[in-house]
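Student: Given chain A, put chain B in place with the hints provided.
Protein chains: 2
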Amino acid sequence: MSKLLAVGTLAYDAIETPFDRTEKTLGGSVSYIALAASHFNVEVGIVSVIGGDFEEKHLDLLRSKNIYLDGVEQIPDGKTFFWSGKYHNDMNSRDTLLTELNTLADFNPKVPDHFKDAEVLLLGNLHPSIQMSVLDQMEKRPNLVILDTMNYWMEHTPNQLDAVLERIDVLAINDEEARLLSGEYSLVKAAKKILTKGPKYLVIKKGEHGALLFHEDHVFFAPALPLEEVYDPTGAGDTFAGGLSAYLAESRHISFDRLKSALIHGANLASFCVEELGTGRMENLTRDEIASRLEVFRTLTQCVIELD
Amino acid sequence: MSKLLAVGTLAYDAIETPFDRTEKTLGGSVSYIALAASHFNVEVGIVSVIGGDFEEKHLDLLRSKNIYLDGVEQIPDGKTFFWSGKYHNDMNSRDTLLTELNTLADFNPKVPDHFKDAEVLLLGNLHPSIQMSVLDQMEKRPNLVILDTMNYWMEHTPNQLDAVLERIDVLAINDEEARLLSGEYSLVKAAKKILTKGPKYLVIKKGEHGALLFHEDHVFFAPALPLEEVYDPTGAGDTFAGGLSAYLAESRHISFDRLKSALIHGANLASFCVEELGTGRMENLTRDEIASRLEVFRTLTQCVIELD
Numbered sequence: 006m007s008k009l010l011a012v013g014t015l016a017y018d019a020i021e022t023p024f025d026r027t028e029k030t031l032g033g034s035v036s037y038i039a040l041a042a043s044h045f046n047v048e049v050g051i052v053s054v055i056g057g058d059f060e061e062k063h064l065d066l067l068r069s070k071n072i073y074l075d076g077v078e079q080i081p082d083g084k085t086f087f088w089s090g091k092y093h094n095d096m097n098s099r100d101t102l103l104t105e106l107n108t109l110a111d112f113n114p115k116v117p118d119h120f121k122d123a124e125v126l127l128l129g130n131l132h133p134s135i136q137m138s139v140l141d142q143m144e145k146r147p148n149l150v151i152l153d154t155m156n157y158w159m160e161h162t163p164n165q166l167d168a169v170l171e172r173i174d175v176l177a178i179n180d181e182e183a184r185l186l187s188g189e190y191s192l193v194k195a196a197k198k199i200l201t202k203g204p205k206y207l208v209i210k211k212g213e214h215g216a217l218l219f220h221e222d223h224v225f226f227a228p229a230l231p232l233e234e235v236y237d238p239t240g241a242g243d244t245f246a247g248g249l250s251a252y253l254a255e256s257r258h259i260s261f262d263r264l265k266s267a268l269i270h271g272a273n274l275a276s277f278c279v280e281e282l283g284t285g286r287m288e289n290l291t292r293d294e295i296a297s298r299l300e301v302f303r304t305l306t307q308c309v310i311e312l313d
Numbered sequence: 006m007s008k009l010l011a012v013g014t015l016a017y018d019a020i021e022t023p024f025d026r027t028e029k030t031l032g033g034s035v036s037y038i039a040l041a042a043s044h045f046n047v048e049v050g051i052v053s054v055i056g057g058d059f060e061e062k063h064l065d066l067l068r069s070k071n072i073y074l075d076g077v078e079q080i081p082d083g084k085t086f087f088w089s090g091k092y093h094n095d096m097n098s099r100d101t102l103l104t105e106l107n108t109l110a111d112f113n114p115k116v117p118d119h120f121k122d123a124e125v126l127l128l129g130n131l132h133p134s135i136q137m138s139v140l141d142q143m144e145k146r147p148n149l150v151i152l153d154t155m156n157y158w159m160e161h162t163p164n165q166l167d168a169v170l171e172r173i174d175v176l177a178i179n180d181e182e183a184r185l186l187s188g189e190y191s192l193v194k195a196a197k198k199i200l201t202k203g204p205k206y207l208v209i210k211k212g213e214h215g216a217l218l219f220h221e222d223h224v225f226f227a228p229a230l231p232l233e234e235v236y237d238p239t240g241a242g243d244t245f246a247g248g249l250s251a252y253l254a255e256s257r258h259i260s261f262d263r264l265k266s267a268l269i270h271g272a273n274l275a276s277f278c279v280e281e282l283g284t285g286r287m288e289n290l291t292r293d294e295i296a297s298r299l300e301v302f303r304t305l306t307q308c309v310i311e312l313d
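Chains as they are written, first to last, in the working numbering: chain A, 6 to 313; chain B, 6 to 313.
Chain A with its partners taken away, still in its complex shape:
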């Protein structure tokens, strides 16, 4: 079985939506990534940091999904990363109410020996120097390195970010981040510039408007599934990245066509993620549900294109 190693945050979230609210639920990028990846035939390991307040039941939950936790460092007298956000009525925009870095402020990632030969490495959104440290700890260069980042690092640590970009294969960011990173409004122009910085593939996430994949002169579009109700968008982007990465780890072969399918698999998982508050839906999702919604994606995207 291929190994997928993901570095990112384990967190507690307080979330308010027009439908529901919670004061404390499991969150963080790597929770969503790992739970999404657990639905594929891959060994999933995570590198993260938590405080003494992180509950054993949440570690048990991750273990029950065969997620390897040897890379998760617990700081007994520290507190787990905390995020609080409130969604507006249209569910398309949100306010961050509070971000407490806590143990994340001094995060010093340690890759467990068992995952130093992972075939796929997903570097979640963190300081570029943390991402670089994880990359440096790998015994052999992974077949595929996928990176997520955000506007903050583009603005505050552009040189360190550029150094990481030179060493990765796939960059997955949203449309505003692509515009910021490139200085171009047109996403096609933005992609051309960004692809000269190192990555061979660029994934631009557009939320409810789907995701674009750029590679050389080619472009592919994966739609998001139009949904009757979005219950909680938190983690949808991470779930998308987790599904995409795990699909590629499982399929072992990297090509533009394989990346296309990976985007659809990522979008498929993300469509479930938003159906319940927090990580709930990723926990109870079944293989049959995944397979049957892939059929919906086939109807949604596939057709006969001929001249007449």
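These aren't lab readings, by the way, just hints derived from the structure by calculation.
Fair warning: there could be bad hints in the mix.
[What the hints assert, rightly or not] Derived pair list, reagent style DSS-like, types lysine-lysine, alpha-carbon separation capped at 30 Å:
#1 Lys115(B) / Lys211(A)
#2 Lys91(A) / Lys197(B)
#3 Lys202(A) / Lys121(A)
Tutor: This is chain B only, laid out in the frame that chain A set:
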């Protein structure tokens, strides 16, 4: 050859974009619709009204594309419908600076005999009573009736609009109009409500974010082509509708699968429309260019979707 009859506006437009400006260029919904449709193997007829100022060279242009103009009434002492707009820097929003209805204010459409048995009828955005009058003049019910409308008619003539909706097959509107017509924010919920009003198919246009097709419980998504530069978005939606309608007229067979392809053909033509100011690109477009960009759409949308 199938016949496609389209009713809509012939206009002169003044357009300002960040790249260019023109004080007077051929415009109006049915110019774009008919020029788009002229690239298919169908007989295209239009019903519209113009003033004495409408230039012979523009009539000649339409004639040269085999567009039948018997349904175009010229009011010698009237003035042609005039629209003036200015696009913002992102090209995604515009201000309407001026709308002069002129001869359009008393438009009394007359369907020419030769097109009273048209297989496909496209009712462009106009007062619902004008759309109804055209429908009533048809000798036999067309195989397919496609309707465009806008927020103004939803707000000011809802009952007359509802009466037309009951008699059509395909409604093509944008996302904000779908939300207004249904009172639902979710486009899936909006579609369900709108499909109870009469149309069997609902096309929701989302501009640069593509278009959705709803039919019974099925949904299909056609992306817009990501472009390096959008030179002038004017008429893209009408071009999309014209291409979609002409493709369906040419293929003679109506089904969900055929509608899917029709959306791709419409998006393909719309991707050309925005490359030049006004109707320019629709005039000089070749069959080879259309065919080769359809290949780009294939790469853009088609992939293998399997579980593992």
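Student: Against each hint, give a clear statement of whether it holds in the structure.
Tutor: Here is how each hint holds up against the structure:
no. : hint                  : result
1   : Lys115(B) / Lys211(A) : violated, 45 Å
2   : Lys91(A) / Lys197(B)  : holds, 29 Å
3   : Lys202(A) / Lys121(A) : holds, 26 Å
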